[in-house]
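Novice: If you read the sequences in order, they're chains A and B. For the first sequence, the numbering used here begins at 1 and goes up steadily by one. For the second sequence, the numbering used here begins at 1 and goes up steadily by one.
Calculated directly from the structure, the hints in this document are not laboratory data. Hints may contain errors.
Claimed, not checked - Partial pick of chain A residues on the chain B-facing surface, computed with a CB cut under 7 Å:
#, residue
1, ALA151
2, LEU159
3, VAL160
4, VAL169
Being a predicted model, the structure only gives us computed values, none of them experimental. We treat Cβ as the ideally placed atom computed from N, Cα and C, and that holds for glycine.
There are 2 protein chains.
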Amino acid sequence: MARTGRRPGPSRTREKILAAARAHFAREGYERATIRAIARSARVDPKLVQHFFGSKDRLFNAAMRLPIDPGAVIPSVLAPGPDGLGVRLVRTFVGIWDSREGRHFVGLLRSVVSRDEAASLMREFFTHAIFGPVSRLLDVDVPRRRASLAATQLVGLALVRYVVRLEPVASADPDDLARWIGPAIQRYFTADLDANAPRP
Amino acid sequence: MARTGRRPGPSRTREKILAAARAHFAREGYERATIRAIARSARVDPKLVQHFFGSKDRLFNAAMRLPIDPGAVIPSVLAPGPDGLGVRLVRTFVGIWDSREGRHFVGLLRSVVSRDEAASLMREFFTHAIFGPVSRLLDVDVPRRRASLAATQLVGLALVRYVVRLEPVASADPDDLARWIGPAIQRYFTADLDANAPRP
Chain A
1 MARTGRRPGP
11 SRTREKILAA
21 ARAHFAREGY
31 ERATIRAIAR
41 SARVDPKLVQ
51 HFFGSKDRLF
61 NAAMRLPIDP
71 GAVIPSVLAP
81 GPDGLGVRLV
91 RTFVGIWDSR
101 EGRHFVGLLR
111 SVVSRDEAAS
121 LMREFFTHAI
131 FGPVSRLLDV
141 DVPRRRASLA
151 ATQLVGLALV
161 RYVVRLEPVA
171 SADPDDLARW
181 IGPAIQRYFT
191 ADLDANAPRP
Chain B
1 MARTGRRPGP
11 SRTREKILAA
21 ARAHFAREGY
31 ERATIRAIAR
41 SARVDPKLVQ
51 HFFGSKDRLF
61 NAAMRLPIDP
71 GAVIPSVLAP
81 GPDGLGVRLV
91 RTFVGIWDSR
101 EGRHFVGLLR
111 SVVSRDEAAS
121 LMREFFTHAI
131 FGPVSRLLDV
141 DVPRRRASLA
151 ATQLVGLALV
161 RYVVRLEPVA
171 SADPDDLARW
181 IGPAIQRYFT
191 ADLDANAPRP
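With the sequences and hints as input, model every part of the structure.
Specialist: In structure tokens:
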């Protein structure tokens, strides 16, 4: 068969940029990463990266293969204020994860745990996409501590529901999960965490 | 080089039995699994399995590569009664995971998420080693629901502390973690979970 001599198509170039972006974000962290350095590592023109993804933020979301834009979801969950925040967060996340778009989430979670690069990406994701908005929009002390504690509960919920598939959490209605787990998240965001644990 | 003609040594036989046990427990579940069927699958005499591991319970712990025997730890954590249970559980688990014996825990967690067999094993582990004792020793309604919710929090803590390594959870003192996270676990075991979420 004759070779066509074509250059790599746009989808292959796009994937090459995303692979370079994942490695770069994982190594440098979100703040230090630049579109210029990612373009250099992918051996493409920075203008092409701009053309495909528009901004560092959107490139990061694409590299994480996020089904939704957390920059849009988080503020709408936080907007009504601190009351009921925990229930809204659980309901929103489970709704996304259960949806068709969220089906690749198990794959993301698997890769997070099996590859160091993915674990770094997940860490950058929380720091950049979750902690940032939470600190800006919620007027609480120790926002990083609160958000990382909320992360333990949300990530664990995802792992037990979709990967370990432990009942009754695996098949529970999202509204039930929100009622059971929401108050734990609520406490992480609004309670005095250094108060002594409940006594008899 | 001349072949020695030796039969497989005890450590290779032991590993062969453990591999057969992991596959069998994952496929059949703990309750249905038998030492006889595991021996058949490993092509060894059931007496040899008895000799190496003594009981189905100890074979399961060895197959899970558990650094400690949950059958010994869980009752001692539950024994003082429901008060302060959450704090004790977090303090005990973090203590085990942080220890030298617990270092392979990240490996276990990685394999849980990257392989279906390991996820099934983890599910069996919770059902057999955690839910059983909790139901027997703690006089509460819906014990499986409570234990699976506590599992979401504990598994998520391990994932965020040791794999994603998100700060400040990653470096926090075990006593701080117990104070911050213990009350969430306490609530799962002792509160009315179907009460409405807190309102303004």
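Novice: Identify every previously stated hint that the structure contradicts and give their numbers, smallest first.
Specialist: none
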